[in-house]
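Student: Letter by letter, the chains look like this.
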Amino acid sequence: MNNATDIQRTLDRLDELRSIFVLGQRAVPFIEEVVLLIKDMSPLLENINGSLQDSASKLPSASSQLESVSQATEMATTEILNLVDLALMKCNELGKRIEATGAHVAHVRGENLSFKKVLEDTLGLAWPAVAAAYESHAGVQESSLRAMEKSLGTQQEAVNVLKEGMTQIMMSLQVQDITSQQIASVNHLIHTTRERLNKLTENLGARSVDEYDDVNLRLQSGATFDSNARYDLPGLREVTEPELAEFDSAGDFATMGDIDALFANQ
Amino acid sequence: MKFLVVDDSPTMRRIVCNALMEIGYTDLTEAEDGQKAMDKLTSEEVDFVITDWNMPVMNGLELTRSIRKHETLGNLPILMVTTRGLKEDVLSAMQAKVNNYVIKPFTPDILRDKIDMILKIGS
Numbered sequence: 098m099n100n101a102t103d104i105q106r107t108l109d110r111l112d113e114l115r116s117i118f119v120l121g122q123r124a125v126p127f128i129e130e131v132v133l134l135i136k137d138m139s140p141l142l143e144n145i146n147g148s149l150q151d152s153a154s155k156l157p158s159a160s161s162q163l164e165s166v167s168q169a170t171e172m173a174t175t176e177i178l179n180l181v182d183l184a185l186m187k188c189n190e191l192g193k194r195i196e197a198t199g200a201h202v203a204h205v206r207g208e209n210l211s212f213k214k215v216l217e218d219t220l221g222l223a224w225p226a227v228a229a230a231y232e233s234h235a236g237v238q239e240s241s242l243r244a245m246e247k248s249l250g251t252q253q254e255a256v257n258v259l260k261e262g263m264t265q266i267m268m269s270l271q272v273q274d275i276t277s278q279q280i281a282s283v284n285h286l287i288h289t290t291r292e293r294l295n296k297l298t299e300n301l302g303a304r305s306v307d308e309y310d311d312v313n314l315r316l317q318s319g320a321t322f323d324s325n326a327r328y329d330l331p332g333l334r335e336v337t338e339p340e341l342a343e344f345d346s347a348g349d350f351a352t353m354g355d356i357d358a359l360f361a362n363q
Numbered sequence: 022m023k024f025l026v027v028d029d030s031p032t033m034r035r036i037v038c039n040a041l042m043e044i045g046y047t048d049l050t051e052a053e054d055g056q057k058a059m060d061k062l063t064s065e066e067v068d069f070v071i072t073d074w075n076m077p078v079m080n081g082l083e084l085t086r087s088i089r090k091h092e093t094l095g096n097l098p099i100l101m102v103t104t105r106g107l108k109e110d111v112l113s114a115m116q117a118k119v120n121n122y123v124i125k126p127f128t129p130d131i132l133r134d135k136i137d138m139i140l141k142i143g144s
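In order, the protein sequences belong to chains C and E.
Taken in order, the first sequence gives residues 98 to 363; the numbers are from the working numbering.
Taken in order, the second sequence gives residues 22 to 144; the numbers are from the working numbering.
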């Protein structure tokens, strides 16, 4: 009885084994296909890996170029600021000269009146005889003084316009700080992308991208930036009725009106 | 009145200083980050601080907190002038106890209004 059971068990095992072989036989073509697919994919993966390494190796150069742009704009801004400072200084000098000349004109007018008084007092009864000639002379002089005052006024107006323009140029140069922060933000992204590509290529079994570098990333250590920095005309973000209830909604830009209302309530 | 202008960008420090001179404030001193600003504040008599936010070593927010914690400098007026224009940024600055906030770009008039506002409230 025991022998019959054992034989039956053995036959069952053999059946199971046969099933496994049959399954194996059926699976072999599939496995072959998978192997062939992997063989086909291998060059593709190598291509991908090559592309990743190529892209990653170009990133330091892109970063370096961006850094150069930032440095160049900083230098240009400094040069413009120097010129603006010089122009403002000259405008101020010119303004002072115009003011001094205006004061001189007023002084001459005052002197003329004093002189007239001296003549009247000195000549006494004889004054009416020379008064007409004096008034004619004084009239010509007054006309010249008025023309001079008018010219000074025009000059002062031009100086004021120039000063205002120079101040506006100076204020517009804040764009340099804003764009350099945006560039720093892009550089940070490049740095992060490069690190991730580096990890990816390492996982694909290739050498680290760093080993291919001949240019180091020139991202300054501790560089600080605002990725949302943007250049609007000053005061453009003004609103008439700030809605403080919505003030803390994340991701929204604050207006000058928002800020004024918020700090006024402090 | 002596102003301390804190910004890591030399261009911005110059622009802020020029704007201050334009509106009549000529006693100015500068620092390029929060730490250097604290050094100046503890060694020089300063009446008003204008600071950027994004700076290396110690940023404007940390500088504000350091000033507020300081036993003698705690009440110093602080105006933050920054590119950070998000509402949550303004709230963070307010929580750090800046006296007012300006988003770049600004004009001398905006700067004067903000300074006047702070001084008026302070007095």
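Quick caveat, the hints were computed from the structure, so don't treat them as lab data.
All figures in this text were calculated on a predicted structure; none of them were measured in a lab.
Beta carbons are placed, not taken as given, at the ideal position from N, Cα and C, and that holds for glycine.
Just so you know, not all the hints are guaranteed correct.
Derived, one-sided and incomplete: chain E residues facing chain C with beta-carbon distance under 10 angstroms [what the hints assert, rightly or not]:
#1 P31
#2 T93
#3 G106
Student: Would you mind marking each hint as holding or not holding in the structure?
Tutor: Status of each hint after checking the structure:
no.	hint	in the structure
1	P31	holds, 8 angstroms
2	T93	violated, 22 angstroms
3	G106	holds, 5 angstroms
Hint violations for this structure: number 2 only, all remaining hints satisfied.
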